Structure formats: C-alpha cells, structure tokens
Amino acid sequence: MSGLADQNYEVIVIGGGFYGCCIALFLRHSFQRIAIIEKEADLLTRASYLNQARVHHGYHYPRNIITALRSSINFPRFVFDFRHCIDGSFTMVYAIARNNSKVSAFQFRRFCESINAPIKQAPQSICNLFNRSLIEAVFTVREYALNAVKLRQWIKQHLEAAGIHVLFRKKVQRVTADQNDHVAVVLDTGECLVGQHVFNCTYSQINTLLRNSGIPLLPLKHELAEMALIEVPDELKRLGITVMDGPFFATFPFPPRSLHSLSHVRYTPHTEWYDEEYYRDAHHYLETAQIQSRSVFMLKDAQRYLPLLREARHVESLFEIKTLWAQNEIDDGRPIVFRKDHGVKNFSTIMGGKIDNIYDIIQALREFQAYCKDTKSSQSSWWFA
Amino acid sequence: MKNSSILVSVSVVVSNDNEIVAEFVEQTSAVLSEKYEYYELLLVDNGSTDGSDLTVQALQQRIPNVRLIGLSRPYDKQTALAAALDHSIGDYVVIMEMDHDPPDMIPTLITKAISGYDVVIGEQIGDESGFFLDKWLTSLFCRLSSKILGYPIELRPSYFRVISRQVVNAITRIRNKSRYLKYLNVQVGFRHTYVPYQRIHRRRARHERNRLFRSIFYAIGMITANSAIPLRLAALVGLFASFLNLLYFGYIFIVTLVNERLVEGWLTSSVMNTTMFFFVFLILTVLSEYIAHILEETRDQPLYFIKYETSSTTSIYTDEKLNVV
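For the protein sequence lines, the chains are A and B, in the order given.
As numbered in this note's numbering, residues 1 to 385 make up the first sequence, in order.
As numbered in this note's numbering, residues 386 to 710 make up the second sequence, in order.
Bound-form chain A, shown alone (with noise of 0.2 Å):
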C-alpha cells in the first residue's frame, strides 16, 4: 500500500485525549507497537483540557446514583494516581439553592452520605459569602482541582517512557477493514496505517469519523460550551464553588492559567443538537460559528447568589463542544461508551465520561482477552509496567 508497509501498528488510537492517551497505556502491557494519532499540535487540548477542572467525588450527581457511586468509588484512586496533577488546597464548596433546585439540603446531605462521600456544614466565614435568602444551605466537601497542564506533562512524560508513537497535525478520514481482520486509518492527507486494533476515542469527533467510513452514528448529543475565565476578589480565590441543582453556577480554580473558570448551567451551552436528528462536524462548527459570549448573562446571575462576583473580572472566554450520550438527558448520568468491533471488526468506539471514571473502561477492556494477554498487569496497577 503506497509504500508505507512500516506503517503497520498493532495498536491505533485515534485522537490524544485523556482516555485515548490511558487507553495506549493500558494496552501496552500487551501490545508492542501503538500509536496515537492527534490532530492538534499536542494532547489533551480541546475537552480534556477544558471540561476537567476538578476531581469529581460524585457530589456532582445527585440525580444519577452510578456515576455519583462510581466517581466516589474511583476517587481516591484516581487521586493516588495522578497526585502529582492535583491542587488539593483549594476549599470546595457546594451550595444548595433555595428556589428551583432538585435536591434539597437534607437530601444533598443524605445523598452524600449514602456514597459515603465526606461533607461537612460550612463554617460561618464561607456561609457569609451567599446571599442566604438565595442559598438554603453551604457545604464543605472533598474534592480538587485538576491542573490540565500538568496532567499534559504526566502522561507525555509516561508515553514516552513506554515507546508509544505520537503522530501529532494528523487528521484520521476514515477508517476501513483491512486484510486478516485488521483495520486500515486512512488520513485526510491520503497516507494509510494499518493496525490489528483500532480505537475510536476522538470524543466530539466520533460520529464524524463514523459518517466518514459509513459506519452507522452513535445517538450522540453535542453542545457548544462556554466557560468563562475570570478574575476573582481574594476572598474568592482559594474557593471553588458550585450551587446546585438546577440552572445555577460553578465557579472553580482553573489553575493553568491561576484563573477561576465560570460555568452557568443555563448560558453555559450555547446551541446542543443530536447527531441521529441532524448531523453535523462538531469542530468544525466551532471554527465557523459566530459566538457571543454570555459570561455577562453568567456573571449578574452568579452575583445574586454570590455578592462578592461584582469585584469579578471577566478574562476570556473558551468554547469546546461537549459531548454526551444522547440517553443521558433526564437523569443527568455521565456513562462512558464502549462499543466493540462497531462497523468494522476490531474497530471500538470509546466516549470518555468524567476523567475519573477512566478506571471503569480499563475494567471494562480487561474483560476482552485479545486485549489483556498479560494475565499478570491485569492484577497490578496498569500505569507502571
């Protein structure tokens, strides 16, 4: 094939996200030769990057028990992993809502613990901050922020270590059954890879390659996200905050740029639509569209809540699509989705959920043999061979 015979993988990972990057991890106790192909000029920088500010304990989930149990089950590992990514000396706050939330204070509480998630009655200092006549109760919690720059660091330093091939600008086509059952990723430059594995992990791109190779879509749904970056007074500063649950705000330290980002449930997403109901390419949407920043909208409501916002300072604004499982919109649940040998045999399909819940996928691959030859690492820990 066009003289690129040396182009043969055993493994291919298509797009260099959180999960394709651990995704290559894990499999290398396996397999030998595995490449990840990315489209930007680095990894992890469009939703791993964006979307993952903090560790979730599952208080995120009141609504949905699975992931709430899931990310509360995977936390702590997930923090003794990636302990060097993490700033724990932020203090998480979560705040109940008085009008138009889900949950109340006593089922938040209870909730929390039922996961057996650590929650506490804020101290008076924190409860000053909110408009009380907005807000019916203040928690602290357990919970960190993720530096996205240094987790970057991290798994490029352990890519390296385990000889994993990082095509960097490469932009994957589409993806056709190749001979003896292996896959062939052709890219937009017309160069071909073959590998015996491939992954589809590209997350806002997964049904573009999919319509690309005529692969039937995955109910997905896309939303164009808006998160703002501000400057916060320094009361505000060592504080990430979230107030729950409805159509309010969380405003949380972004350390890579020593902001705190701002997301509004309500001006957050900006358009959403479903692939099966109206198909189309989510980033190049995000290159085209004409997007008015709401962070105005976001911060005068954050402020009712939150009186000290006023002395806030809007930075930028960045905008990613976000991807979710199109089932997922009532009980508000983050499941990742894992669909073997989809369209074309040894072609899996794999949608990040949280970053934490990276641990369930791993599981869910060390079910399939062909991916866990080595019955020894499938005990350990997969990260260090």
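These are computed hints drawn from the structure, not numbers from a lab.
Below, a list of computed lysine-lysine pairs in the DSSO-like style, where the Cα atoms sit at most 30 Å apart:
#1 LYS692/B / LYS322/A
#2 LYS102/A / LYS462/B
#3 LYS221/A / LYS39/A
#4 LYS692/B / LYS102/A
#5 LYS221/A / LYS170/A
#6 LYS221/A / LYS692/B
#7 LYS39/A / LYS150/A
#8 LYS171/A / LYS39/A
#9 LYS497/B / LYS387/B
Since the structure is predicted, the reported quantities are computational estimates derived from the model, not experimental observations.
Keeping the supplied structure of chain A fixed, place chain B upon it in accordance with the hints.
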C-alpha cells in the same frame, strides 16, 4: 448604539395568554435587541392550560434570550410576580403586563431609571374604564392607604415599572406570603418616579367578573397584611365598649341602692346584650382577618413551586450557511 453597560430583564406573568404571547414576545425582543446588548425576557407561566407554554417553547427555538419558568399550578398574581423577580438576573427589571403595556416604552423607562431612580412606575394616561363608584373608591383607598399604611398606593391596575437590582434584592428578601408588589415597592424605600404612558390593547379587555368586590378584597387584604392600625382601632373600640359597660355597671349599682322597686329590667338588659354583642363581633371580625394572616405566615412552606424551566436554544437549524460539510 446599543447599550452594553447594563443587563435588562423584562419579566412577565403568563396566565392563559396564548392568543397574545407570541406577538408580545416578538415585539418585546425586537425592542430589546435593538437597544440593548444584554437582555433577557423572562416569562413566568402561572399554570396556563391553554398551551401558552408550548407557544413560548416554540419561540425559544428562534428568538434568543427568552426564558420560561413554569409554576406548578396557578398561584395568585402577587406570588407569580415574586417568582418573576426572584429569577430575573438583570441590573434593571421591567415588570409588564402583556395585555396592555407597550414594549416601545421600555427604553424610556430604563433611561429614566439610569438617570438616577430606583423605581420608575408607568402611569397610565386616559384611563377611560370604570364607573363612578369605582373611581371614587379608588381615590378613597389612595387617601386611606397613605393614612393607614403611610404610603399612597396606586390601586389602578398597572404594574408597568422598572425596578433596579438594589430594590429587587430588597424586595426578594421579603418572603411574606401576603405580598403586594405595589406596597413592597414603596415600603422598601429608594427613589421613585413616574412616567406617563398610553396603554395599548392587545385584545379585547377581558371581562373581569366582580371587579368591584375583587378590588375591595384586594384593598382590605393589602391593608390588613401590612398595617396593625385596624387592629388597634378595634382594640380601642373594645376598650371603649368595656368602659361603657363599666359605667352601666355603676349605674345599676346606684339604681339598686336608690330604688327599691326593680321590676322592669328586660329592656336595659337586652339593650346591653345587643350593644356588647355588636362590639364583640366587630372585634372578632378584625381579629379573624389577622389570624388568617398569622396562619398563612406560620405555614412555613415555599411561596411557590417550579415545575420546569426552559431557555432559548437559538437554533442551530437556522444557520446552515456556516456549516458547509
């Protein structure tokens, strides 16, 4: 030039207004989007059953910055207004009634508010409706309210007004169950002014049954909810009656001493009974009114419940040209 230094919220209560809601939303958004960079139109669906909510949700696909909050059942107007104020995020909140308040007036009122007023009230000119009795009672109430409540309250049925964030914050902190926006508005203080405006008629005026009685109940409710003066008056009357009773007792005592022939007591005792019962029942009437309020206040439950909330998802389906795939 669009004003980009403030966020304007327009809050409206929707109760079975399907025939006019689309027109209202379109006109208001047109005015707002022309004048302001940042605005929202907040509709509080007060338990409509005529499909108003569906109409608004359809509009949300097309018109940006439209929010809809559905209350779980029809509440009284004051509670719905409280929900509207609670959920508005703007620096200035405009309260309107769809039936007759003209969206074109919004910028005028806002400009007035920016010039240094916390509350700008739209004062309707040429109110041709209402009979003589109606008008007379209205002006009577206005005078009465300034005596009893301490503030003259406009009883004319207009809510069109702009309220600054500061005043909204003050009003939303008051969680009384019996609440009257017009009263709360003046009660919290701040600077007020009036701007005259001409009403429009989006539809034939709804025939309000028993409007006179409703107004009277409204007036009585507002006074008893916010003032203890009637209770004090009742107490004074009671005191006066018991004082009379005391005198009467003295009279009986003296008569008993002076006069030995006491046969005809029927008249006096029945006079006394009727008088005392009159006062007792008068006092009971007033007391029961207050007890009703105490009952409402002590039932510690939220003012209202919200059933759902939706916002504009200005649709991706209309910007095909950007997406050449």
